[in-house]
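Trainee: Sequence:
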Amino acid sequence: MDQSEVILPLNSGSETESSHSYLLGLFSLLATFITISLYFGPYSTIKQIIQKKSVGSVAGLQFIMTSLSCFLWVCYAVLTSNKTMFLVNNIGFILSSYYAYIYWLYSHESKFKFQVIGGFLIGVSILGFSFSSSDHQVRVDNLGILSCVICVLMFASPLEKLSSVIRLKNSDGMLKQVAIGSLLCGLSWTVFGLLIDDVYVYGPNILASILSFIQVSLILVYPPPNLPMHGSSSIVDQVY
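Number 43 in my numbering belongs to position 43 of the sequence shown; there are no gaps in the numbering.
These are calculated hints, taken from the structure and not from any lab test. Backbone N, C-alpha and C define an ideal beta-carbon position, used for all residues, glycine too. Accuracy of the hints is not assured; some may be wrong.
[To be verified] When the alpha-carbon atoms are kept at most 25 Å apart in a straight line, the in silico DSS-like pairs for lysine-lysine are as follows: (1) K47 / K113; (2) K111 / K47; (3) K113 / K53; (4) K111 / K169; (5) K111 / K52; (6) K111 / K53; (7) K47 / K169.
[Stated by the list, open to error] So the derived label-pair ranges between C-beta atoms look like this: (8) K52 / D141: 26 to 34 Å; (9) I145 / F213: 21 to 29 Å; (10) P225 / D141: 40 to 48 Å; (11) G25 / S163: 40 to 48 Å; (12) L24 / L153: 27 to 35 Å; (13) I117 / F33: 15 to 23 Å; (14) K169 / K52: 27 to 35 Å; (15) V149 / L23: 43 to 51 Å; (16) F213 / S164: 28 to 36 Å; (17) L153 / K113: 16 to 24 Å; (18) H20 / I50: 22 to 30 Å; (19) V199 / I94: 23 to 31 Å; (20) L23 / V199: 12 to 20 Å; (21) I145 / I50: 34 to 42 Å.
All chains, please: the whole structure from these sequences, using the hints.
Mentor: This is the structure in structure tokens:
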């Protein structure tokens, strides 16, 4: 065996590692940018709620689900020392908690207040169960699995209107730009999760991508009427 036969595999391995690092850095930035952009999506709707002192037809459950999901992923990021997830979900938790607070102020439905309390109790229960074990890997697995469940429920929540959209052949309440953004977000986190080989990252985001694709398909098949009033409030229904 000559020297060239020995050197080739070494160079090839080095190039593969360099390529992996480049892709990891690229999708880390991409996932961060897309996700933070989506978290800022409902801000204009929240401003309208403050100005009108009414939540109108805007649904508030997704603010609670997003806040809960982000909080759990922040805890997961601490356990796994994942700086990208920690940064993104901290921002998401702060913004979604603010949105939920504003919604609380101007909502006249007692149901929302019970949903907030329920979300808080679920979060505390999940953390209590996850950290009940003294084994670090068991903590990671417990929190990862339960965070995945909450994450998928968060992405699925806009589809509560699925039956009415199909029945009325009208996707009013679903914003195309944000639905596409949600699809890109799910895909970018899927690739990021595959690159770091973390099933708790790519697993739920594969499902999230499928759910977002369904939303985009519904909007294309049953386009909403061009009503600015509905368009401005419906961003809440499709964010995340």
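Trainee: Run the distance test for K47 versus K169: straight-line Cα separation, threshold 25 Å.
Mentor: Roughly 30 Å separates the two Cα atoms, so the pair is violated.
Trainee: Given the hint of 28 to 36 Å, check if F213 and S164 actually sit that far apart at their C-beta atoms.
Mentor: Check failed, 20 Å falls outside 28 to 36 Å.
Trainee: Need the status of pair K111, K53: alpha-carbon distance at most 25 Å?
Mentor: 18 Å, holds
Trainee: Range first: 40 to 48 Å. Now tell me if the beta carbons of G25 and S163 are that far apart.
Mentor: Once the Cβ atoms are compared, 43 Å apart, the range 40 to 48 Å for S163 and G25 holds.
Trainee: Given the hint that K111 pairs with K52, does the C-alpha gap stay at or below 25 Å?
Mentor: Since the Cα atoms of K111 and K52 sit roughly 21 Å apart, the hinted pair holds (cutoff 25 Å).
Trainee: Is 26 to 34 Å right for how far apart the beta carbons of K52 and D141 are?
Mentor: 45 Å, violated
Trainee: Can you let me know if the beta-carbon spacing of I145 and I50 is within 34 to 42 Å?
Mentor: 38 Å, holds
Trainee: Lying within 23 to 31 Å: is that true of the beta-carbon distance V199 to I94?
Mentor: 27 Å, holds
Trainee: Within 27 to 35 Å or not, the Cβ separation of L24 and L153?
Mentor: 28 Å, holds
Trainee: Take a quick look at whether K111 and K47 sit within 25 Å of each other, Cα to Cα.
Mentor: Holds, at about 22 Å.
Trainee: In this structure, is the beta-carbon distance linking P225 and D141 contained in 40 to 48 Å?
Mentor: 47 Å, holds
Trainee: Has the hinted range 22 to 30 Å been met by the Cβ atoms of H20 and I50?
Mentor: 46 Å, violated
Taken one by one, the earlier hints fail for this structure at numbers 4, 7, 8, 13, 15, 16 and 18, listed in ascending order.
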